[in-house]
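2 protein chains.
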Amino acid sequence: MTSSLRRYLPILDWGRSYDSAALTSDLVAAVIVTIMLIPQSLAYALLAGLPPEAGIYASIAPILLYAIFGTSRALAVGPVAVVSLLTASAIGEVAEQGTAGYAVAALTLAGLSGAFLLALGVFRLGFLANFLSHPVIAGFITASGILIATSQVKHLLGIEAGGHTLIEMVHGILSHLGEISWITVAIGGGATAFLFWVRKGLKPLLLRMGASPLLADIGAKAGPVAAVVVTTLVVWLLDLGAAGVAIVGEVPQSLPPLTMPGLSPEHLRQLALPAVLISIIGFVESISVAQTLAAKKRQRIDPDQELIGLGAANLGAAFTGGYPVTGGFSRSVVNFDAGAETPAAGAFTAAGLAIAAVALTPLVYYLPNATLAATIVVAVLSLVDFGILKRTWTYSRGDFAAVAATILLTLALGVEIGVASGVVLSIALHLFKTSRPHVAEVGLVPGTHHFRNINRHDVTTDPSVVTLRIDESLYFVNARFLEDLILARAAETEELRHVVLMCSAVNEIDFSALESLEETNRRLGDMGIELHLSEVKGPVMDRLKTCHFLQDLTGRVFLSQYDAWRALARAEAERGAAAE
Amino acid sequence: MTSSLRRYLPILDWGRSYDSAALTSDLVAAVIVTIMLIPQSLAYALLAGLPPEAGIYASIAPILLYAIFGTSRALAVGPVAVVSLLTASAIGEVAEQGTAGYAVAALTLAGLSGAFLLALGVFRLGFLANFLSHPVIAGFITASGILIATSQVKHLLGIEAGGHTLIEMVHGILSHLGEISWITVAIGGGATAFLFWVRKGLKPLLLRMGASPLLADIGAKAGPVAAVVVTTLVVWLLDLGAAGVAIVGEVPQSLPPLTMPGLSPEHLRQLALPAVLISIIGFVESISVAQTLAAKKRQRIDPDQELIGLGAANLGAAFTGGYPVTGGFSRSVVNFDAGAETPAAGAFTAAGLAIAAVALTPLVYYLPNATLAATIVVAVLSLVDFGILKRTWTYSRGDFAAVAATILLTLALGVEIGVASGVVLSIALHLFKTSRPHVAEVGLVPGTHHFRNINRHDVTTDPSVVTLRIDESLYFVNARFLEDLILARAAETEELRHVVLMCSAVNEIDFSALESLEETNRRLGDMGIELHLSEVKGPVMDRLKTCHFLQDLTGRVFLSQYDAWRALARAEAERGAAAE
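Read top to bottom, the protein sequences are chains A and B. Number 531 in the UniProt record's numbering belongs to position 531 of the first sequence; there are no gaps in the numbering. Number 71 in the UniProt record's numbering belongs to position 71 of the second sequence; there are no gaps in the numbering.
It should be emphasised that the hints constitute simulated quantities derived from the structure, not laboratory data. Computed from a prediction, not measured in an experiment: that's the story for all the values here. Please note: incorrect hints may appear among the correct ones.
Computed list of lysine-lysine pairs in DSBU-like fashion (alpha-carbon distance at most 30 Å, straight line) [to be verified]:
| hint | chain 1 | residue 1 | chain 2 | residue 2 |
| --- | --- | --- | --- | --- |
| 1 | A | K390 | B | K297 |
| 2 | B | K545 | A | K296 |
| 3 | B | K390 | A | K545 |
| 4 | B | K203 | B | K297 |
| 5 | A | K545 | B | K296 |
| 6 | B | K545 | A | K433 |
The following residues of chain A were derived to be distant from chain B, with all beta-carbon distances above 10 Å [claimed, not checked]:
| hint | residue |
| --- | --- |
| 7 | E93 |
| 8 | A95 |
| 9 | A129 |
| 10 | T165 |
| 11 | G189 |
| 12 | G219 |
| 13 | L383 |
| 14 | R452 |
| 15 | Y475 |
| 16 | L514 |
Which bits of chain B does chain A cover? Going by a derived footprint, with three or more residues having C-beta under 8 Å, they are [stated by the list, open to error]:
| hint | region |
| --- | --- |
| 17 | 222 to 232 |
| 18 | 385 to 398 |
Every residue gets a Cβ at the ideal spot worked out from N, C-alpha and C, and that includes glycine.
Whenever a hint applies, use it, and build me the whole structure from the sequences.
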């Protein structure tokens, strides 16, 4: 009981050794992360098409719940760019942005995603996330970065435009170009340029000025806060809101409210698939970050427990006015670098954000949307990595095809179709690769007991015996290939009397492959040729013994290939050797 | 040029050695097959919901075209039960049975299917059919047999009823039970009982009476013709058509007409997916039959050329009033047993059917639908094989799950969803099996150069070196599993300094697995542990050399595991051995 409680509540582990040193580290980290999270949360809510407070609310309860159920000591859970984009895309299908229905759909999506993650965790199905190959994830993240940056151009230009695919967005922007607000362009452009400089130039500058690496890093990370403060002051002082600059406006001064996700069957049906997609992509992002950070301190992450932690966090978001969340890369790294020792740092961050939600929201009234858009653009462009195309091209054309297709389809048809196609293509390419396994015809290396490929080595063969070494497990995708190959080989040589399949590399024979072997045995039998097996692995042999194949086999099963050779071809081979 | 012509026109091969002996054999086979095909073609048209002549037309041009392009010498192409059912299910979605639109949709479906098969053949993509595992095919055929038999119950009872799933059909039958025509039941029941007796009892009886096996076989196969003749006479003589027995009625006396498939984008879109499904299932059925028969004469079937042959046959059906066709099991076996030597037998059969279409159609005016239904029921019930459940259960639970799901889903949700789910499930089960590859921690067998599993053998180990032997290719589905496993193992032992991956069974490392290895290398590096590889296969090594992995590797690549052991642990091991 206790150990199962501990499995589901990692807090019981780290909680009992908590001391004042850890408390100090966690508090420092929490202050730094809180300051960074305020503009980030507002910005990602904007990206998801939700009111700004949704971003803050989505960072409070989820962080607390993850602190109780999660296994990572440094992961910071909350809104992230890619999940915000996926949220906008999914709920844009069921409700109009800005309506109450839109916000409720976001809660529903978070609730579904939480329930799904929780179920995966309880049933220990975390391995399902592995069906996303790295090239697909890389392609998807790159394309998402481009889509997200493009989606923010309208805020930087001060125009209205929509669309979920690249073409729709570009078309929307072009058709509203006449409405550009040049003051907004100046603010957005200025903030973007500033933030790029902060990212590239400030840290080296601070280091050259003698700052410690940690301080230089925090200085660079504080860039968005500076941009927020300066542009808010400018808009307030010059009353630019009246001049047409879109601003955040009134944000309720309140702790996260208790909210209820919409549960209409229609909504649930429409949002179920997007919720699954968001959950899996969020999980993959989160676990990558968590494992990277944990490895640095030789800590372990339990993927199934992580699912439970993220599931609880998303359920928390659903009932407290948030939207789907996951472990974010930038916030977690800041948390880790700032010295967070335990998940308590997350709890303190949540408290900091709660204070901000109650006390600081009036301060962001004049914050221009263009500044938030600038922070998003600068953050996501660092996700864009076309280098993956070159790296996969050099290494493997199949992987390249998966990346390229994922990028193109995500840009052209939207995030959901893009990532789904990438997954299907990866699996299809894998099946294709294993559908034509390497099969070598082997012969005896003279003077040894070894058998080698007859095309590469000088080996002894016998025209009445063909030995084929199969370098792959046999299953339905390659079963017929092998059958065709054996029968084709058998039709070639008139003197052939024995076919030996050398199974040293066959880890599995599934039912389809078994039926194919039975058919091969039958057909070779019709041709007057015996089929033999050699070097069959133990587990494979155990399974073959449960069925009739071994009784029906026209030939025998040999423990070693050399035994097979001695029994079937020795006389011939010796005669051949004597004649040489 | 000539050889590529020959590849696409197998008729050039067998045509030049054609002689009068082959001619005689082919003619005899054609007469027997023609007699059998007349009732069968009418029956399958009924099953597809099409007018009876469509079944005959679908047997004429397709047979001729297959004779030119196909590679099997005995395959008989035309309507078959499963494809007829799939046709009814697909075109039932787009048009009302009995309307002109329904027949046009059948032509469109044949045209799409023909084009798809042709494309697969030209691009040599025949291997795609392998994605259907044997258990899925077996489950699908069994469920289809039940569905087909159930769909004919209405004809045997003389009632109107519809539905594409088992529940719909049973519900339809039950709600029309009040309208039963008892004369129809008598005819249908009598024909069914007679045909079952013919199948089980007639052949042994004929053999006991001294008939030759061939004659006994032909006698048994002629059963349906006898049932047709007798029941037609009874209906005609007693004028049972007026008494409410549904009859075939007027069938146009004509050669196959020239027809044009519907090409509206809406139709094409709706029928594209069913056409793909019909093509693949038809191809799988056809190639199985063709290969079984070819093996008996040591002939070869070229799967890609078969696709071209079947594609041409379906295009032929589309333009001559037919519907989707494929190589049928029963007709091909009859053709083979009756002595067909070359595809010319098919051409003669086509001529026979053409004569029948022109001259004999008035004779089937009084043929009761119940008799045709009886021939279908008796034929398809032989396809039903629940034994596959038991066989797969004994051999492999994964394969059993695939069969059971395919049967249940086909019966409950219809043929298309059933077979699609079966395919997805088979692939998912395969991915799941390879997602947790067997990994053994190995140690040195004292006094040898061999390494064996430390849990099974008494081997020498060293606490500072862990060697893991990986028994599977590394790709995205299992990449993270291995990463987790290595890191978990590394976190266990404090003294650990070296991890060696023994790659003798790794046939491939894809890009995801490469990135996982890079990440593992980095994380182990953070823990102060070196990562080494041993026994990497040539092609895998070639690929690794194209990227940075080998430069970044903290450890080394050893040609043999023994080299690795000597370099990393020998001193330790010797010290250990001396102390013992």
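Results for each hint:
1. K390/A / K297/B: violated (52 Å)
2. K545/B / K296/A: Status holds; Cα separation ~28 Å.
3. K390/B / K545/A: holds (15 Å)
4. K203/B / K297/B: Satisfied, since the Cα-Cα distance of roughly 25 Å is no more than 30 Å.
5. K545/A / K296/B: Holds: K545/A and K296/B sit about 28 Å apart, inside 30 Å.
6. K545/B / K433/A: holds (21 Å)
7. E93: holds (21 Å)
8. A95: holds (29 Å)
9. A129: violated (8 Å)
10. T165: Given a closest Cβ separation of 21 Å, the condition holds.
11. G189: It holds; G189/A is separated from chain B by about 37 Å at its closest Cβ, greater than 10 Å.
12. G219: holds (26 Å)
13. L383: holds (16 Å)
14. R452: At about 13 Å from chain B, R452/A clears the 10 Å cut-off, so the statement holds.
15. Y475: violated (6 Å)
16. L514: It is violated; L514/A is separated from chain B by about 7 Å at its closest Cβ, not greater than 10 Å.
17. 222 to 232: violated (count 0)
18. 385 to 398: holds (count 6)
Consistency note: the structure conflicts with the earlier hints numbered 1, 9, 15, 16, 17.
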